[in-house]
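Novice: The task is simple: from the sequences and hints, build the whole structure.
As they're listed, the protein sequences go chains A and B.
So in this note's numbering, spot 77 of the first sequence is number 77, and the numbers just go up one at a time.
So in this note's numbering, spot 191 of the second sequence is number 191, and the numbers just go up one at a time.
Note that these hints are calculated values from the structure, not bench results.
Think of the CB as a built atom: it goes at the ideal place given N, C-alpha and C, for glycine as much as any other residue.
Check before you lean on any hint, since a few could be wrong.
Unchecked claim - The list that follows gives simulated cross-link-like pairs (lysine-lysine, BS3-like), each with its CA atoms no further than 25 Å apart:
hint	chain 1	residue 1	chain 2	residue 2
1	B	K220	B	K269
2	B	K79	A	K381
3	B	K79	A	K357
Said to hold, decoys possible - The following label-pair restraints were derived from C-beta to C-beta distances:
hint	chain 1	residue 1	chain 2	residue 2	range
4	B	N18	A	R391	41 to 47 Å
5	B	L138	A	A374	38 to 44 Å
6	B	E96	A	A414	41 to 47 Å
7	A	L30	B	G144	54 to 60 Å
8	A	E297	B	N18	57 to 63 Å
9	A	S274	B	Y81	44 to 50 Å
10	A	R50	B	N18	42 to 48 Å
11	B	T242	A	A374	34 to 40 Å
12	A	Q294	B	Y83	58 to 64 Å
13	B	A31	A	P301	53 to 59 Å
14	A	L89	B	A31	30 to 36 Å
If you want the building blocks of each chain, they are given just below.
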Amino acid sequence: MNLQPTQASLTELAGALASKTISSVELTTLFLDRCEKLNPLLNAFITLDRTATLAEARAADARLASGETGPLLGIPLAYKDIFCMQGWLTTCGSKMLANFVSPYDAHVVEQFKKAGMVTLGKCNMDEFAMGSSTENSFYGPARNPWDTRRVAGGSSGGSAVAIAARLAPAAVGTDTGGSIRQPAALCGLTGIKPTYGVVSRYGMIAYASSLDQGGPLAKSAQDCALLLNAMAGFDARDSTSLARPAEDYCRNLEQPLTGIRIGLPKEFFAQGMSDDVRAAVAAALAEYRKLGAQTVEISLPNSGLSVPAYYVIAPAEASSNLSRFDGVRYGYRAPDYTDLSDMYCKTRAQGFGAEVKRRILIGTYVLSHGYYDAYYLQAQKIRRLIADDFRAAFRQCDVIASPTTPGVAFEIGAKSDDPVQMYLSDIYTTSANLAGLPGISLPCGFGAGSMPVGLQLLGNYFDEARMLNLAHRYQQATDWHLRTPEGLSI
Amino acid sequence: MTWEIVIGLETHAQLRTNSKIFSGASIAFGATPNVQACAVDLALPGVLPVLNKAAVECAIRFGLAIGAEIAPRSVFARKNYFYPDLPKGYQISQFELPVVKGGELTILVATGKPGTQAYEKTVHLTRAHLEEDAGKSLHEDFHGKTGIDLNRAGTPLLEIVTEPDMCSAAEAVAYAKALHALVRWVGICDGNMQEGSFRCDANVSVRRPGEPLGTRREIKNLNSFRFLQQAIEYEVKWQIETLEDGGSIHQATVLFDPATGQTRSMRSKEDAQDYRYFPDPDLLPLEIAPTWIASVKTAMPELPGEMRARFERDYGLSAYDAVALTASREIAQYFEDCLAAAGKANSKTCANWIMGDLAARLNKDGREIGEAPVSATQLAGLVLRIADNTISNKLGKDVFDALWNGEGSNADAVIEAKGLKQITDSGAIEKLIDEVLAANPKSVEEFRAGKEKAFNALVGQAMKATKGKANPQQVNELLRKKLTG
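Specialist: Structural data, given as structure tokens:
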């Protein structure tokens, strides 16, 4: 077997490990070498720790040697630096946690360790997952491997860069308003945000608790399905985790698409997307019709309110969630202060970046006495309307298609001074979080500057398997997901 | 002109669960600082709260005990403020939708004035809600720094809020005592006030009769009934004096200083924080099924109010006695055990012994009734011997002391061993009186001269001669007959 580890699917890697074609240490070393060589250029990782990583790889080899098998055993995995991991620096992209070594593992980390995956490193991200470009990282922006002058998307930008540049075979991210799907789209990857409650949030540093959901990023839908199998499942430590029977997300991958109805929300296609994106998405829809699916026009009348509602609810929750970063117990504390109030003010003024402060201020404002009803409560009502829109739409269709982002990756710094323009990058993605629905982004071609374009599919609650099926069948018929950026060999 | 006093109480009762309200850490009192604070209590990044079912069950028990509505759906909210002993920067509490709504508690208020009767009053409750306690800031022993102990952080509390129904410090104290007894009775709180398991905030205002409610000031963290009484009395006096001097009352939070007996303002309404309450997205709404309430109900003990009514009805006790005997489940149980052995006819005597000598001895030795060396059955044996005139009530106290000191297994044994059996043979008593009269001619003379006091002296001599064993009633009757007959 002619294994090309950087291009191989997780299934191929697992096969090679099981057949002892390659050891976990060899495979991991190969990726670590690439990481150490290319990270200075791409800034995909905040923390790499060769010693700790190779210790995990050796442990995986021992399990393999003992005859244990598993679809993920011995395969390296990159984590967004939002997941707490025992003994590892867990910064959340912030100066506030630049010195925080977690004393415990997130549920997701436990699950992947059980499955025998090897921690490759902790990936760069927008500070506290607030951003759409990874420019808000205390550690500087991650760079898009398709064009290093451009952003990687965000907030799970580092995770996307790591896979796109083949520094890691797969990664985990989190998605609060598009933070998995958006960087997946901008970097030419597949990423899925599961139904709210499918993946435990325990140990995932909270941005907006009612919207946050962990999920995989990978080269293909099939890889995502394998990763989701390991991540998903009930966890009693998260009260919003859903107690459902385990399911195999790979089970429907090969099903034919005949009769599948793909809804196209007229509001999404009316305006707002660039021509290159429109063309790539249209071609993808034509491909789906060739595969037996049909497209139907649907309406999501309140979809235009999703970004405003999101930017009330998410900052409101964030303003409270981030109160624990006060310099008292862990993390950053200002070196000089006169009293308690001064310590709080200086610690938070120095420890948080501009976007985090902006959202804390917005959130504090919308929860304040006298404004609560006008903003927070109103946004919650809109949230219900948006969910109702989807409920009605899914009576007419099985999945909903749209672009993932209105345009391809923009240049670093292009939108830094205009937060509203930046927020509009989330125009297609936030509604899934507000409604709690699953969403997937898959590569569907290239647009301006030969940058990847992402197709987004939104499914009904717990319809991940069907969405993965649609993505997988498309990836069997196309090769967009197999393309790699040039000039990154070492 | 008179003033009306208006008082409402907010009480924090620490719930008797094994672990914290949102984590698995222990809530035992007195541990080394911070050893009972787990990752959730420390508010490490990424941790999440999980509601303790036992705390909810305590709220249900309380709601049933006060005849309140147990909300089928209630919501946990975040109360946001910064303080070093509040690790998350917010307290998880309930705001708009509390778990317990309404309810009432009937109290008996002693007036404290001789010759006036205690009166009954019903205090209405607004709500009771579940919340977590904060940690402790330790300002001493750290030389200009503040120590933080997070052992208490996350301890489950039930905050119990009344309507502004109370009109005096005495009523507020009577309510607080009745509530204290009730939460212990239904087993949801150990009531230990020194350890802070039961603490009250009092909202106090005054007004002219018929006028709208005055501006209130809230006295925080009163952890003894005495402080509650003193603080309210001082605050009322201060408010009335301020108003009568032409001043006005500003809404404020005040602290009571036990050393000076005064209240002082901590913060005014203007400095009041905006807590930015909103539903906690980490916790689902709390839904309580009717079946859960029903199963808790079947496990509820007879409530003190019900028991008190039964004592009055079945045993002919006064309201005062019935309230005293239902002050705790242990006292009520002791009384009922005592009565089971002594018989219903002796209920009043049993009650008197329990509230009198037994209570006094327990108090003196600092013991709970469950640790009384004289068992209910032993006390019943003693009551029976007094009832059948085997011993006098006065010698009964000696028997009680002997039983307390373990000098006999029961009253009969003590009476036998000490020869305390009462002399009721009138022949013997007559002979005794003759001896006393012969030995005290001076007293006899004085009595005949009209000095009633001399009669008592003669009775005393007779009792003394028998070491108190003569039946005092018979002594009285026979002596008078001899002297006047």
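Novice: Against the range 30 to 36 Å, how does the distance between the Cβ atoms of L89(A) and A31(B) compare: consistent or not?
Specialist: holds (31 Å)
Novice: Can the restraint linking K79(B) and K381(A) be considered satisfied, given a maximum Cα separation of 25 Å?
Specialist: At roughly 22 Å apart (the allowed maximum being 25 Å), K381(A) and K79(B) satisfy the hint.
Novice: So does R50(A) sit 42 to 48 Å from N18(B), Cβ to Cβ?
Specialist: holds (45 Å)
Novice: State, for the Cβ atoms of N18(B) and R391(A), whether the hinted interval 41 to 47 Å holds or is violated.
Specialist: Given range 41 to 47 Å: holds, Cβ gap about 42 Å.
Novice: Please work out if K220(B) and K269(B) have their alpha carbons no farther apart than 25 Å.
Specialist: With Cα atoms ~14 Å apart, K220(B) and K269(B) stay inside 25 Å; holds.
Novice: Is 58 to 64 Å a correct range for the gap between the Cβ atoms of Q294(A) and Y83(B)?
Specialist: holds (59 Å)
Novice: Please verify whether K79(B) and K357(A) have alpha carbons no more than 25 Å apart.
Specialist: Holds - the C-alpha atoms of K357(A) and K79(B) are around 20 Å apart, at most 25 Å.
Novice: Could you say whether the range 44 to 50 Å given as a hint is met by the Cβ separation of S274(A) and Y81(B)?
Specialist: holds (46 Å)
Novice: Is it true that the C-beta distance of L138(B) to A374(A) lies inside 38 to 44 Å, as the hint says?
Specialist: Check passed, 42 Å falls within 38 to 44 Å.
Novice: Falls inside 34 to 40 Å, the C-beta gap from T242(B) to A374(A)?
Specialist: Given a distance of about 39 Å, which is inside 34 to 40 Å, the answer is holds.
Novice: For the hint 41 to 47 Å, verify it against the beta carbon of E96(B) and that of A414(A).
Specialist: holds (44 Å)
Novice: Using the C-beta atoms of A31(B) and P301(A), is the stated range 53 to 59 Å upheld?
Specialist: holds (57 Å)
When the structure is compared with the earlier hints, no violation turns up for any of them.
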